[in-house]
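Visitor: Chains A and B, in that order, give the protein sequences. Read in order, the letters of the first sequence are residues 1 to 496 in my numbering. Read in order, the letters of the second sequence are residues 497 to 984 in my numbering.
Do not rely on the hints blindly, as some may be mistaken.
[Said to hold, decoys possible] In the BS3-like style, the derived pairs of lysine-lysine whose C-alpha atoms are separated by at most 27 Å in a straight line are:
| no. | chain 1 | residue 1 | chain 2 | residue 2 |
| --- | --- | --- | --- | --- |
| 1 | A | Lys292 | A | Lys307 |
| 2 | A | Lys475 | B | Lys975 |
| 3 | A | Lys460 | B | Lys737 |
| 4 | B | Lys540 | A | Lys387 |
| 5 | A | Lys435 | B | Lys737 |
| 6 | B | Lys737 | A | Lys256 |
| 7 | B | Lys862 | B | Lys814 |
| 8 | B | Lys823 | A | Lys460 |
| 9 | A | Lys256 | B | Lys924 |
| 10 | B | Lys821 | A | Lys452 |
| 11 | B | Lys975 | B | Lys933 |
| 12 | B | Lys862 | A | Lys387 |
| 13 | B | Lys924 | A | Lys281 |
| 14 | A | Lys475 | B | Lys821 |
| 15 | A | Lys407 | A | Lys281 |
| 16 | B | Lys889 | A | Lys387 |
| 17 | A | Lys435 | B | Lys814 |
| 18 | A | Lys460 | B | Lys933 |
| 19 | B | Lys924 | A | Lys435 |
Since the hints were derived computationally from the structure, they do not count as laboratory data. From a predicted model like this one, the values you see are computed outputs, not experimental measurements.
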Amino acid sequence: MRAFLAILIALGFLQTGFGAAEPTPKEAPAPAAQKGSVVRVNSTNQAYDFFRPWSKAAPFSRRGLGVLIEGGNILVTAELVANSDYIELERADGGEKTTATVQVIDYEANLAILRSTDLKFLEGMQPLQTTTDVKTGDELSVLQLESNGTPVSTRALVTTVEVGKYALEDSGYLMFRISCPLQFRENSFTLPIVKENKLAGFLMRYDSRSQTIDAISSPVIEHFLVESQHQPYRGFPRAGLGFSPTRDPQFRRYLKLEDTDGGVYVNQVDRSGPAAQAGLKEGDVLVAIDDKQVDPDGNYLHPVYGKLSITHLTTTEAYSGQSVTMTVIRNGERQQLRVELFRRPVEEYAIEPYTIGKHPRYYILGGLVFQELTRQYLREWGANWLKDAPQRLVYYDRFQSDLFPEKRKIVFLTQILPTEDTVGYEQLSNLVVSKLNGRQILSLDDFAEAAKNPVAGYHKLEFEEDPHEIYLDAKQVEEDSAQLQKTYSIPALRHL
Amino acid sequence: MTRRVVLVAIFFIVANAVAQVPKAVEIRKSLVRITATSQEPDYKVPWNPGSMSVGVGAGFVIDGDRIMTNAHVVSNARFIVVEKEDDPQHYPATVQFIGHDCDLAVLRVLDKSFFQNTRSLGLGGIPAIESPVSVYGYPIGGERLSVTRGIISRIDFQTYTHSGIDSHLAVQIDAAINPGNSGGPVMQDGKVVGVAFQGYSGDVAQNVGYMIPTPVIRRFLKDISNGHYDGYVDLSLTYFKLVNPAERHALGLPDNEQGVMVSSVSSAGSSFGVLQQGDVLLTIDNLPIASDGFVQLDGERVEMPEIVERKFKGDKVKCEIWRDKTKRTVEMQLDGNWPYLIQANRYDSPPRFVLFGGLVFQPLSKNFIDAYQIEDMRLRYFYNFFVTDEIYKTHPEVIVLSNILPDPVNAYLSDLRFQIVDDINDRKIRTLEDMAKAFAQKSDYYVIHFVGSARPAVLERSAVEQARDRIIGNYNVQKEQYVEGGLK
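Chain B with its partners taken away, still in its complex shape:
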């Protein structure tokens, strides 16, 4: 299921599996083979249920009769089956919690007898560099478990490709990680030290696999312990390393190699109203921040955001700052930052759209951008700079005329494709809900103005009403709108 991974020679995996037989016998009681049938939404035809695919991944039993796996193994799943190594039976399972931002999920099995004779695995710490680990799973979809061995190569922040936008701690190992390994445990000294989740295709780098380390797993398990997954929180700011001596002197800072400068503060995030551009962050939760943005945590040098990574929605973080050449202490209550989700892959929710007069309107999103080839400069700007230029303040959703189902009612509108809606009948459109409401209002004309200098699109209500059944019939439209579930 990990798309980035390309098959390597099978004999490697087999050879390693043989060498690992003694340990594999024990892991049999914990390893789970997961088969998920999923439906990928079709953003070009948003009313369609989407194309089906079947994927195989791995999982393992954890305490409380639960199964842990990757979010991407069970995303968009319609039906999930789990199997044990020494049991011919297929057990249906459901997703209990899923964290797309950390690519982890917890499954429940309806038939409790599944957990008889299973052994839940405990979590270990962060393994040391160069120490050996074993990776268990069902690479390239095989029926029987496989094991590969490797050592810990590197520990740092990585983009988690499942969401495409979140970066968390990740551990690089040199064991082969292939499709089907996803969700499987990475073991050391009988404990789980990670969940295998992504790698590179062979033409980018070889023997580079990544696992989700236990701080991320523990955080996920703690987050869901209240029965709800809130997700990661963020300071929602950018910072600049203060290593230039002139810059430090100009700001009146001593040469003690401490502090980073706040470059920008998102007005939709936790630090808004507390921190401002130009503030120098000196400490975070009493830990000194070095001028390169690192802090000493549990004997390790980690990047400053790692402090916030381990916190939860509603938690507080305290910073000493340098503003106007004086020291102050500030405190932020942590929350997520919704605008950035526009650039995150979205799962488990149908595409949102409104169809009117054969015109399809959709909010701008990562899935949208992936589905269409966007040449329009303005649209690309709205997407790329939605967060940094705070476009969300005027357009919490960017509503695009994404498609036209050709019909006499819209015969002359094709040149307006990929324009961004500004208002309808002089009412500003800020969200898809606004769109649906505007079209629900009775009016002789619907005059749609776009951002920029494109001409307006004019639809007569009578013409739209006449065209409605024709369009629905011709194009097999199963639903005329789906507006629920906006980002905010």
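The shape of chain A in the complex, shown without the other chains:
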């Protein structure tokens, strides 16, 4: 939830920054054509409480603007409807309401497509086309609605086009940085940005001090719209490699690189990613992707946007299932490797980088609560989770691709619900389970299986850390489970 909260705070600034509500000269009534393309979206969201995985946290609502696109769907940011229980559409002109459901959502690209439950509701509205013809220096308009439904548009200037961080910390996509004096209005979550009546982007973050918008760019929106037609939705691909610059002349001489070669040093290859499958190795120097030359900083020359990170080529220009040719220099020899791009589903990660809109898995055995480790769990420690959350678990998350190359999950004891069975164990928490009843535990399913077979009447739990082993009386646990559930008002003792 943290990434989303950060944006909420940014909007809070917006509110205080514009508290005095001075007239803003650059605002103008929106052109008529736009009036019929924007709809209010009110979403009531409720995230799971990862400390108490059987319950949800308090619901809260978010309001934003959605854009009608081809096919009668509404496009919004994913943040607006993340963990949504209930989505309401509201006509800008009349104020009529209906409900909507999420059709496709991509938390990494921060986009979602909604479908109205009442198709007649959108009648008379005009779908908006997108445009990718957006350059540094272009003038755009940010659309908002007054509380009475009157559309307002604010002039905005594109200052930078670059690959930047989206809502989740490890996803970077093409972003428009836009300078704009924006007034806070109630529907500030998700604002469409248009150029000549075409959708150019979505407001993702606004910093009221520098008056800067970070916007989801239209190439990312187009990619999402195209990919959303595919069944199943495959996501934005990733090459699965990390690189560092080769500007250092000593480093270049050591790598035997000519000055004309350009290229970046591949310092990390995800073991189950596309680059690894294509045979890329750490130590390769990546000099070209298809016909695009890679400079020593990892940029290439884009015909419209100028210098851009090569990340854009493998995440947005290309689609999942497509291939690119990577030219590398290895031991002084040039080699071409065909890399078939894909996005590894987050469910396949040992530690899910985000868990949104999903019921966390858990298993309660005699008052001991077990979960599969997710980053969402670590985020529950708050803004400083990197320092405040259990350090071993944070380390596991950060270096998971090195530490857990095999397909597995990290099952751990999160907390104890004290009962007679847990006397002496009250202080134990955040311990990674290695075995239960002699069986190696690589997932909560393994755990559930192993729990069926206590040894000589006892569950033997083994942890990676102190105290390394504890025991439960299997029969006693069985007998006490109904009472445990009742005492702590837990709807179910497991969710797998």
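Mind docking chain B on chain A? Use the hints.
Guide: Relative to chain A, chain B alone:
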């Protein structure tokens, strides 16, 4: 000098001092005012001599013309002066023995005439809870002795903040203990029952002071009696209380509330090869260990490690254990456990480092962590889990690229700061000595690989040689390396 202590109102101390005049007259012959000029090493600029400071503490005369005080009063000292109450003269003194793990030190005075008309103090036992004691010293640096009174509030294990990692028996008293009290005697019935050494700042807790009790003092004096301080020994294991009935039954133990389970055994410690995870310790030196880890010693219930606390390097300890549902007897020869020292404050030794091509390499340590703000997850993991995950087996020292003195030779390496060195020219780096040796080897390139996936740093010998005098001159580098004195 005790950093944790904050000043309280002075009139309290004065008022108490007046009330204690009769006793104070006698203590004048034993109390010593110690002024130490010390140099605190600068881990960010390790070749610098460090910043100077002057501190005042207390001490007292013990048998053999010696002065006892706290280690932290004379740590990193360059010059020490001692004074007596009724003598205007300043006498230079030196540290004869210092125990950083128990925060005690013994000083010698060069001029033997210092001890004329002094009276050495004898050691008493552990005072009873609620019994009164008097604390003597020079709180907040005053010229004249001060005394405060209080009662014994609690006796238990406490972390000794001087090393930051050692826990020993400590006695809590409600007398005011302030900076300058450090090292002063705590008296009862004319005998020393403790050495005042630490307290809390006023915003944490009030009227809470701690003294080092006599079992710790006696142990220190006995340890140094052979002319060398070996320090504390340790079983080097962790244990888990066996109070859960199911756990006891599963292990086949009777319900007699006896025994704790060994959770882990450090492979660098005394119990390695003798005890193993899962063993149940039933007795230690024939004393039954209760299921909560306590033993009955001299009529007191104390935690099991207290048995080992009183022993010395090379001493043996005998345990009855329960393994594979049978009883056995094992014996361990006791020694220290060096890996844990990575997390202990280090004194009286210069920071260790190697400088090469403007790159500063330092071993990971408590002082290092305190000097730098470490955000790097891997480095934090290596520090926090050095002992528990036995990182010392592959990295007896964790060598970090800690700083870069900017120069053309290293202009492109700044993103590699705080990386951990893995190898140089494919030779594994396990210690700082390995580092110095690798750079001393003639090679056209020095290729430094780091732990994890960072790119290597490449330095050309010719470029390093050209840069050397420039870097030394620009940054006033007084020494290019100091590698002696590793933990192991």
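Visitor: Hey, Lys889/B versus Lys387/A, does the alpha-carbon distance stay inside 27 Å?
Guide: OK: Lys889/B and Lys387/A at ~26 Å, within 27 Å.
Visitor: Is it true that the CA of Lys475/A sits at most 27 Å from the CA of Lys821/B?
Guide: holds (22 Å)
Visitor: Does Lys737/B sit within 27 Å of Lys435/A, going by the straight-line distance between their CA atoms?
Guide: This hinted pair holds, its Cα atoms lying about 21 Å apart.
Visitor: Could you grab the alpha-carbon distance between Lys460/A and Lys933/B and see if it respects the 27 Å cut-off?
Guide: This hinted pair is violated, its Cα atoms lying about 49 Å apart.
Visitor: Just to be careful, I want the Cα atoms of Lys737/B and Lys256/A compared with a cutoff of 27 Å; is the pair within it?
Guide: Status violated; Cα separation ~61 Å.
Visitor: Is Lys540/B close enough to Lys387/A, meaning Cα to Cα at most 27 Å?
Guide: Distance ~23 Å between Lys540/B and Lys387/A Cα, so the pair holds.
Visitor: Going straight from one Cα to the other, do Lys292/A and Lys307/A come out at no more than 27 Å?
Guide: holds (11 Å)
Visitor: For Lys862/B and Lys814/B, compute the direct alpha-carbon distance and say whether it is at most 27 Å.
Guide: Not satisfied, since the Cα-Cα distance of roughly 33 Å exceeds 27 Å.
Visitor: For the pair supplied as a hint, Lys924/B and Lys435/A, confirm whether the alpha-carbon distance does not exceed 27 Å.
Guide: violated (34 Å)
Visitor: Holds or violated: Lys823/B and Lys460/A, Cα atoms, limit 27 Å.
Guide: Given that 27 Å is the threshold and the Cα spacing comes to 22 Å, the pair holds.
Visitor: Hinted pair, alpha-carbon criterion (27 Å max): Lys821/B, Lys452/A. Please report holds or violated.
Guide: With a Cα-Cα distance of about 25 Å, the restraint between Lys821/B and Lys452/A holds, given a limit of 27 Å.
Visitor: Lys256/A and Lys924/B: Cα distance at most 27 Å?
Guide: holds (24 Å)
Hints 2, 6, 7, 17, 18, 19 from the list above are not met by this structure, while the remaining hints are.
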